[in-house]
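K.L.:
The primary structure of each chain is shown beneath.
Protein chains: 2
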Amino acid sequence: MATKTKKKTKKQAIQEAAVRLFRDKGYSATSMRDLAQAVNLKASSLYNHISSKEEILKNICFENAHRFLEGMKKVEAMPGTPAEKVEALLRLHIRTATGDAASVMAFNDEWRHLTEPLFSEFTALRKDYEGRFLKILKSGMQSGQFQNLEPVVALHTIFSSIRWLYDWFQPGKELTASEVEENIINMLMEGLKKG
Amino acid sequence: MATKTKKKTKKQAIQEAAVRLFRDKGYSATSMRDLAQAVNLKASSLYNHISSKEEILKNICFENAHRFLEGMKKVEAMPGTPAEKVEALLRLHIRTATGDAASVMAFNDEWRHLTEPLFSEFTALRKDYEGRFLKILKSGMQSGQFQNLEPVVALHTIFSSIRWLYDWFQPGKELTASEVEENIINMLMEGLKKG
Numbered sequence: 082m083a084t085k086t087k088k089k090t091k092k093q094a095i096q097e098a099a100v101r102l103f104r105d106k107g108y109s110a111t112s113m114r115d116l117a118q119a120v121n122l123k124a125s126s127l128y129n130h131i132s133s134k135e136e137i138l139k140n141i142c143f144e145n146a147h148r149f150l151e152g153m154k155k156v157e158a159m160p161g162t163p164a165e166k167v168e169a170l171l172r173l174h175i176r177t178a179t180g181d182a183a184s185v186m187a188f189n190d191e192w193r194h195l196t197e198p199l200f201s202e203f204t205a206l207r208k209d210y211e212g213r214f215l216k217i218l219k220s221g222m223q224s225g226q227f228q229n230l231e232p233v234v235a236l237h238t239i240f241s242s243i244r245w246l247y248d249w250f251q252p253g254k255e256l257t258a259s260e261v262e263e264n265i266i267n268m269l270m271e272g273l274k275k276g
Numbered sequence: 082m083a084t085k086t087k088k089k090t091k092k093q094a095i096q097e098a099a100v101r102l103f104r105d106k107g108y109s110a111t112s113m114r115d116l117a118q119a120v121n122l123k124a125s126s127l128y129n130h131i132s133s134k135e136e137i138l139k140n141i142c143f144e145n146a147h148r149f150l151e152g153m154k155k156v157e158a159m160p161g162t163p164a165e166k167v168e169a170l171l172r173l174h175i176r177t178a179t180g181d182a183a184s185v186m187a188f189n190d191e192w193r194h195l196t197e198p199l200f201s202e203f204t205a206l207r208k209d210y211e212g213r214f215l216k217i218l219k220s221g222m223q224s225g226q227f228q229n230l231e232p233v234v235a236l237h238t239i240f241s242s243i244r245w246l247y248d249w250f251q252p253g254k255e256l257t258a259s260e261v262e263e264n265i266i267n268m269l270m271e272g273l274k275k276g
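For the protein sequence lines, the chains are A and B, in the order given.
Take my numbering: the last position of the first sequence gets the number 276, and nothing is skipped along the way.
Take my numbering: the last position of the second sequence gets the number 276, and nothing is skipped along the way.
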């Protein structure tokens, strides 16, 4: 039991180191050797904890996909207007970006390296999330709360607009996470709403 | 003279192939061997045309930096409100993204791989551009045309919001380039303006 706990912790450390390496060098350029070095293990010992680089990528991608789908489920179940729902989802995206940047960055940029059947399983989860987000956007346009935009353009512009947080944002350096959050919410929600 | 023209054309072909490789594999993972293969040259012949992978990255980064700075110069010189100026710059960003995606993507993502003194020269150009864009945003906030946002958050949200165009957009597939442009302009300009 103690061994299992220890292994789990080591696995977690490996995943965190991998996330940083993927961010700095990219998934393709990161080798198992780099990863072993980052966690002070011999490459041969690394294989006691993980079977492959792809196992780590899989964990990162599916953990994040499920985090966003859990958030979506809560938002769908809550009472409120489409604008309130979009705002809640935006806050989830922004907080995840400011709180766990490297992980979400790997999730955003590196999922293309998943092989089958993982690739198809992952893209299905992604499509599901996007479809449910689009549905909320469309209902806001139909009710006249949002301006009449191409829903898919609005969706991708929203997702994309916070990507700079991964590269740029260091909490508390110039602005706090909540200042950044309020500013982005103001700008994007005004952009969606009918003037 | 004929030789020079031919060399220039080959150089252009090499740069275009490099741009695609950088997009698909990333700069770090792209080797001179990959590049030679992509343009049907032996690695040894490739060196007749370019001295290094970094020479290509340098060309991509500085050509794009100057393209945006030229655009900025025109916008600064034109009469118009801050909103009109921001809109003109946004259109420049969107058109460059829909018209020359791979090149701008390399410029956006891979400039960090430049070594000194190129790195510092490039970041100075980038800082200059961002500073001039911020000045226009601030003047719109001071005049009350824009809502009172943290200028740096507005700037990065604008830049970031169109990054999905590089990954996703295929002109004419679902939407035309100009439909996408009008939708993004509507959303972001409404987001900036005071309601």
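To be clear, the hints were calculated from the coordinates, so they are not data collected in a lab.
Please note that the accuracy of each hint is not assured.
[Said to hold, decoys possible] Label pairs and their calculated CB-CB ranges:
| # | chain 1 | residue 1 | chain 2 | residue 2 | range |
| --- | --- | --- | --- | --- | --- |
| 1 | B | Q93 | A | A110 | 41 to 51 Å |
| 2 | A | K155 | B | R176 | 47 to 57 Å |
| 3 | A | Q226 | B | T257 | 23 to 33 Å |
| 4 | A | E165 | B | E260 | 48 to 58 Å |
| 5 | A | Q226 | B | R176 | 25 to 35 Å |
| 6 | A | G225 | B | S132 | 30 to 40 Å |
Even glycine gets a Cβ: it sits at the ideal position worked out from N, Cα and C.
K.L.:
Holds or violated: the 30 to 40 Å window for the beta-carbon distance between G225 (chain A) and S132 (chain B)?
P.N.:
With a Cβ separation near 60 Å, G225 (chain A) and S132 (chain B) fall outside 30 to 40 Å, so the hint is violated.
K.L.:
Taking 47 to 57 Å as the hint, is the beta-carbon distance of K155 (chain A) and R176 (chain B) inside that range?
P.N.:
Since the Cβ atoms of K155 (chain A) and R176 (chain B) sit about 39 Å apart, the hinted range of 47 to 57 Å is violated.
K.L.:
Check the following: the C-beta atoms of E165 (chain A) and E260 (chain B) are separated by a distance inside 48 to 58 Å.
P.N.:
This hint is violated: roughly 28 Å between Cβ atoms.
K.L.:
Quick check: does the Cβ-Cβ distance between Q226 (chain A) and R176 (chain B) fall within 25 to 35 Å?
P.N.:
Taking Cβ atoms as reference, Q226 (chain A) and R176 (chain B) lie about 30 Å apart, which means the hint holds.
K.L.:
Could you check the hint for me, namely that Q226 (chain A) and T257 (chain B) are 23 to 33 Å apart, CB to CB?
P.N.:
Given range 23 to 33 Å: holds, Cβ gap about 27 Å.
K.L.:
Taking the beta carbons of Q93 (chain B) and A110 (chain A), is their distance inside 41 to 51 Å?
P.N.:
The hint (41 to 51 Å, Cβ to Cβ) is violated, given that Q93 (chain B) and A110 (chain A) are roughly 27 Å apart.
Checked against the numbered hints listed earlier, the structure breaks hints 1, 2, 4 and 6; every other hint is satisfied.
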